[in-house]
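Since the structure of chain A is provided, determine the placement of chain B on it from the hints.
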Amino acid sequence: MIAIELYSLYDYTDAKDDNLIVRWLADDRISRRDRAKLDFKLDALIRMDFDLAIHTKMLAQVYKNVLKLKVHGEVQLRPMLCRGPIDVATEYTLLAGAVEIGGRLKPESVKENAVARCGHIVAHKGTKHRCKHERFT
Amino acid sequence: MSDSHESGKDNDPPEGTASLGGDLSPLKRKLVQDFQDRDYRESYAEEFLKTNVAGQIAAIREQRQWNQERLAKEVGTTQSAVSRLENVNYSAWNVKTLVKTAFALGTRLKISFETFSSLIEEVEALSRSNLQRPSFEEDAKILSWSATLAPTAIRKLEEAGDPRKWMQRAVAAWLEKNDWPEQRVTLTNWLRGYGLPPVGSEEEPYAWLLYGLPLGPDRPLSQQRFATLLARLLDEQPDCNWRFEEREDALYNLFLVSAGLEWSETLAGPLDRVLDRVRDKPDNLSLKARDGLLAALIRAQADTRHQSMWMEMIEKGKHGLLPGDEYAGLSGLKWLPGPRPGEPNLDAIALGLKLMAEIHLAKLPEKARDEEFRDLVEQVLTFYGGGRAMVEDLSRRSRSAPRWSRLVFDLFIPKIAVVESKTGDLVRAAGEDDDQISYTGIRGAGAEELARILRKCAPKSSGRGPRWFLGSVMTAVGDRGTVSLAGG
Chain A
1 MIAIELYSLY DYTDAKDDNL IVRWLADDRI SRRDRAKLDF KLDALIRMDF
51 DLAIHTKMLA QVYKNVLKLK VHGEVQLRPM LCRGPIDVAT EYTLLAGAVE
101 IGGRLKPESV KENAVARCGH IVAHKGTKHR CKHERFT
Chain B
1 MSDSHESGKD NDPPEGTASL GGDLSPLKRK LVQDFQDRDY RESYAEEFLK
51 TNVAGQIAAI REQRQWNQER LAKEVGTTQS AVSRLENVNY SAWNVKTLVK
101 TAFALGTRLK ISFETFSSLI EEVEALSRSN LQRPSFEEDA KILSWSATLA
151 PTAIRKLEEA GDPRKWMQRA VAAWLEKNDW PEQRVTLTNW LRGYGLPPVG
201 SEEEPYAWLL YGLPLGPDRP LSQQRFATLL ARLLDEQPDC NWRFEEREDA
251 LYNLFLVSAG LEWSETLAGP LDRVLDRVRD KPDNLSLKAR DGLLAALIRA
301 QADTRHQSMW MEMIEKGKHG LLPGDEYAGL SGLKWLPGPR PGEPNLDAIA
351 LGLKLMAEIH LAKLPEKARD EEFRDLVEQV LTFYGGGRAM VEDLSRRSRS
401 APRWSRLVFD LFIPKIAVVE SKTGDLVRAA GEDDDQISYT GIRGAGAEEL
451 ARILRKCAPK SSGRGPRWFL GSVMTAVGDR GTVSLAGG
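In order, the protein sequences belong to chains A and B.
The numbering of the first sequence is the numbering used here, which starts it at 1 and goes up by one.
The numbering of the second sequence is the numbering used here, which starts it at 1 and goes up by one.
Careful: at least some of the hints might be erroneous.
[What the hints assert, rightly or not] In silico BS3-like cross-links for lysine-lysine, where the CA-CA straight-line distance does not exceed 30 Å: (1) A:K57 x B:K110; (2) A:K106 x B:K50; (3) B:K96 x A:K57; (4) A:K70 x B:K110; (5) A:K57 x B:K73; (6) A:K16 x A:K57; (7) B:K50 x A:K132; (8) B:K165 x B:K110; (9) A:K70 x B:K50; (10) B:K363 x A:K57; (11) A:K57 x B:K316.
In case anyone wonders, no lab produced these hints; they're calculated from the structure.
The shape of chain A in the complex, shown without the other chains:
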């Protein structure tokens, strides 16, 4: 069987090049079990085609071009991401961390933040505000 990664995965970084996704994952409230679930979802995401990820509800559209990755665990992790934004056919970028409590995303401003961050990456044509995805250990 051939192993192929269809997509490259990036993390959003701030102006100081700090990886905000890793910072979110470093939160003590996220258990090892939930991190494993998230890691698997990301491993699967870059190997499955986008249509299948949508059909199987791994991804759901949240707001404009922002998607949420649904991880059901002890805490309902909902990292926000987008396709591309530089090349939508070959990239995903994790934009912000979030959790879902009672059907509501926390932090509440996460959708708007994600859209803005996506805009930052586009404005810099991908040269700033993102780095290759780092797996939190």
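Relative to the frame of chain A, chain B by itself:
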């Protein structure tokens, strides 16, 4: 605290892994490390299981081109239940439902206890195509094993008697079915070379399918139904979607069956759309498949849209996409629809002949040049059953052609016309009615006898004229010789 997912260079493999696994991929190295934690590996495995179940059901259902309602109907459940099964976050399945779902998809459910190392390999190989599974009917291994079961083959042969009649029964039953998904599976298997008569494996699948059309009065209706189903398959874009091993052979057979059916009104559109797709992605079709497509485009022309393509082949001796030379171009013009059904497009043919003379034949020595041109004109006449009038017509339309070629026309005008049969099995299979091609009594008969039968039968033939009919007769009796006919 963190590690690059892509490179994994910062982490040394755990002791011993290099000797066990050689060069490990970054993901493998990472998971080997993370799996040291029991909570992590069990949680990761649980998530994989959910994604694998949901992803497989969705991927296989879409492979069958079913919607969720269709799968629900096959399983005996509701669309919302299928939607739940296809959700990667759902895990409250019961085995009974999964077994029913597997059977509905033409697969089986396998539950087994596995190692964590196999999990790492399965995650690395995760993709839609690795989630998909063929149904029992499409399972290439089952099909090839079935074909090697000699006792079955012999029994089928005994039951079948004449393999052509066996094929005719199979095609008739297939045409009668009103279930496209099932018809698609059968047709695709035939085109791949499976499920054909158990003898005569030297025949190409396309020839078997054309043999499968009934002779006699039922033939046109069967051709029409067959063409409609072929058109449906062509519009499902097999040139883009087929992934199986025999893809190129199956496409080649699909195009040649389309060519052999000669049902241009139904097939021209879908074939044109294949050509459009090849223009967008030339690498989608191998040379062999494009060769088949060329044959189909030549035979299935509903209008004159490809005239410029045939002209390009004649002028350049090649084509940018299709493996067609000047002779293919001239064939395209011969099949180009004329002003009325069944009539040649003499303007286009005359222009094609003129270009052949000017561009290609003028380079040859005089004798070879004249003979070659005469052959070309003969082929046109044989094709349309044209006589002296057609020669005169072509000559008149070729006034601007080189003088030597017009002299060749003049040499034709004497009342002797030579008929050569160069028709192949395709023409024979797609050709005339049963009673017209069964005059096997003329085998070995002389030209006079042949001419007598021809004169007697020609009025009943297909409208293309006596020489066309003769071509079919001669092919049917295996006579590849040359016959002179007095009077024409």
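Against the structure, the hints come out as follows:
1. A C-alpha spacing of about 24 Å is found between K57 (chain A) and K110 (chain B), which places the hinted pair at or below 30 Å, so the restraint holds.
2. The hinted pair formed by K106 (chain A) and K50 (chain B) meets the criterion: a straight-line CA distance of about 26 Å does not exceed 30 Å.
3. Distance hint between K96 (chain B) and K57 (chain A) is fulfilled; the C-alpha atoms sit about 23 Å from each other, no more than 30 Å.
4. Our distance criterion of 30 Å between C-alpha atoms is met by K70 (chain A) and K110 (chain B), whose separation comes to about 27 Å.
5. Between K57 (chain A) and K73 (chain B) the CA atoms are separated by roughly 22 Å; this keeps the pair inside 30 Å, and the hint holds.
6. Proposed proximity of K16 (chain A) and K57 (chain A) is contradicted: the alpha carbons are some 34 Å apart, above 30 Å.
7. With a CA separation close to 27 Å, the supplied pair K50 (chain B) and K132 (chain A) stays within the 30 Å bound.
8. Restraint check for K165 (chain B) and K110 (chain B): the C-alpha separation of about 41 Å exceeds 30 Å, so the hint is violated.
9. A C-alpha spacing of about 13 Å is found between K70 (chain A) and K50 (chain B), which places the hinted pair at or below 30 Å, so the restraint holds.
10. Using a Cα cut-off of 30 Å, the hinted pair K363 (chain B) and K57 (chain A) is violated, with the two alpha carbons roughly 68 Å apart.
11. Simply put, K57 (chain A) and K316 (chain B) have alpha-carbon atoms about 54 Å apart, too far for the 30 Å limit, and the pair is violated.
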